[in-house]
Amino acid sequence: MSPLVGIVANPVSASDIRRVVANASTLQVTDRANIILRVLSALRACGVENVLMMPEKSGIRRHITRAYERAANLKEDIFPQIHHVRQDITTTVQDTLKATAAMKEAGCKVIIVLGGDGTHRAVVSQCGDIPIAGISTGTNNAFPEHREPTITGLAVGLAAMGRVPESIAFEGNKRLDIKIGDRADDIAIVDVAVVTERFVGAKAIWKPENFRELFVTFSDPEVIGMSAIAGLLEPVSRRDSHGLMVQLTPPHEAKMRLNVPFAPGIIGAIGIGDVKHMMPGVPVKLDFPAGTIALDGERELAFDQTDDVTITLVKDAFRTVNVSAIMNYASKQGLMKLN
Amino acid sequence: MSNNPFPLPKEQLLEAYTKMKTIREFEERLHVEFAKGDIPGFVHLYAGEEASGTGIMMHLEDKDRIASTHRGHGHCIAKGVEVEGMMAEIYGKVTGSCRGKGGSMHIADLSKGMMGANGILGAGAPLICGAALASKYRGDGGVGITFFGDGASNQGTVLESMNLAAVWNLPVIFVVENNGYAESTSVDYAVAVDSYIDRAAGFGIPGVTVDGTDFFAVYEAAGEIIKRAREGGGPAFLECKMVRFFGHFEGDAQTYRAKGENELPQNLPFEGHESRRYLGR
Ligand SMILES: Cc1ncc(C[n+]2csc(CCOP(=O)(O)OP(=O)(O)O)c2C)c(N)n1
Ligand SMILES: [Mg+2]
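Protein chains in written order, with this note's numbering: chain A, 1 to 339; chain B, 1001 to 1281.
Just so you know, these hints were derived from the structure itself, not from any lab. Beta carbons are placed, not taken as given, at the ideal position from N, Cα and C, and that holds for glycine. If a hint is listed, it holds; no wrong ones were tucked in.
List time: in silico PhoX-like cross-link candidates among lysine-lysine, alpha-carbon distance up to 20 Å:
| no. | chain 1 | residue 1 | chain 2 | residue 2 |
| --- | --- | --- | --- | --- |
| 1 | B | LYS1136 | B | LYS1112 |
| 2 | A | LYS207 | B | LYS1227 |
| 3 | A | LYS315 | A | LYS276 |
| 4 | B | LYS1036 | B | LYS1093 |
| 5 | B | LYS1010 | B | LYS1021 |
| 6 | B | LYS1227 | A | LYS203 |
With the C-beta cut set under 10 Å, the calculated list includes, among others, these residues of chain A facing chain B:
| no. | residue |
| --- | --- |
| 7 | THR26 |
| 8 | GLU197 |
| 9 | LYS203 |
Here are the computed distance ranges between Cβ atoms for each label pair:
| no. | chain 1 | residue 1 | chain 2 | residue 2 | range |
| --- | --- | --- | --- | --- | --- |
| 10 | B | ASN1004 | A | MET256 | 27 to 37 Å |
| 11 | B | LEU1110 | A | ASP186 | 41 to 51 Å |
| 12 | A | SER241 | B | ASN1163 | 48 to 58 Å |
| 13 | B | GLU1061 | A | SER25 | 28 to 38 Å |
| 14 | A | ILE151 | B | ALA1258 | 35 to 45 Å |
| 15 | A | MET256 | B | ALA1258 | 55 to 65 Å |
| 16 | B | HIS1031 | A | GLN305 | 38 to 48 Å |
| 17 | A | ASP274 | B | LEU1110 | 53 to 63 Å |
| 18 | A | ALA106 | B | ALA1258 | 25 to 35 Å |
Can you build the whole structure from these sequences, using the hints too?
This is the structure in structure tokens:
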């Protein structure tokens, strides 16, 4: 049987306050659907016949249905068959969690994810061993790499069809585990930031005077968001076994101030304290009285003096599709040759 | 308050809480009274949507104008209109806010910047462009907020106003209170361009979506948007997502809704939250 590929596309990413406080972009629903159509034709070109999608009712499905109708009228046989996970639609992150779990259950070879860091984080919390391939459509996108989705689709197609050895096609990634006593247990895939606000509110974080601690799985001076702070101090690759911890202070009190693009369109002073390596498997106890923990850029968990908060870096926690390695392998081995 | 974990001081937290609680009680009482048959006309209840109106209105002064909807009681209370006058108005009494001539759908109090509930869907948007233009012309730093439902969002008047506000860079905030239904028509069916953020982007207006039942989410987002508009940053669009509690109007049998779809949250957005401990109630 031909392999099954899953697609989780979040129709509601990129709608937070950063469109107002900065000039963060809006990716229109029709564009999200067009991205999926490009991925679908790439999958089909590699021989993938069946795709399992997360259902939603924000316009993506409608747009894709129309495109399929047009393709049928024009007698173009360029798309795989689409199946939707059967589940209630809540228009919340629950949809992503449930659909991912169902894709795992259904035996998907790979799950393609459209969204920002938050959507990827939600998928990672449920996908277990199934490799994911990220396509960036959110606001804060440190995790998914930026490239034309057609290429991501091709790489996923080749990997799913078993044309590339797993050791080349997939790679391990780090994760941060957050525990608040036995009250909360959560994860982050790029960064954990501790801020002084004690309410979740509008979720995004954009006030440097309230930043206090930062933990990152990797840091790259080329990315946007909180992990950019670490990236400009000491780059840590996704493949390194360690992460980084950075103490943050209000900029006006800081010995060292760094100019950082910590959100799209916002470049501002960040106060820097100690910078340390974070070793995998060693829980770090949070030494801060009360605030909120932002996971991959969004405030999620409030805590106070009565809570024990620990953060642990986990190695090889989940797998991603290595698009660059696959496409280079495809070139060397002539995988795309038609005769 | 050094240990205040919230974005507003204790007195203001209490004020917001009181507003939301007043709205909820006002609406629940009307729900009971309407069934007795003494109230003329229709009433549309705002219960369950309190955090939206209150989270926004906490940033406003009397000089700031709002244009409300047919579901306007909550907006009135949050903007400071006297509840006795409102209730009398709903009963058509001469002691009402508009001398009993308006009823539920036309409560207004210009002294509070409340330009009126409105029986005509989408009619508030052009009005508020006028009010905002006046503020801009006078340079008084006032902003205008127009509320409309997901159904009303499709009215030409709303779309024209978005265009006008963008072209003239008016201090207008377009707030869609998306409660999933326009009478019995689901938002999924009736709104082409399924995302309000996309729609606003089509006019070059930044849009934000928040959980309209979370007071702090609304308060924080509205704060940034209103501050920006006051300082000349132009119009913005805010989508507050929520669930309509009661029927479209009182007496609606709601046969079109799925079972359990509108289960009444027992707590106000404020309750069951850390604020309870902080406020000592
Ligand atoms: C111009 C106009 N058309 C139709 C109506 C009849 N009508 C009253 S309320 C309503 C539905 C409004 O839905 P929505 O805007 O979503 O607000 P909600 O009732 O959900 O708060 C309709 C169609 C009206 N009052 N005005
Ligand atoms: Mg509605």
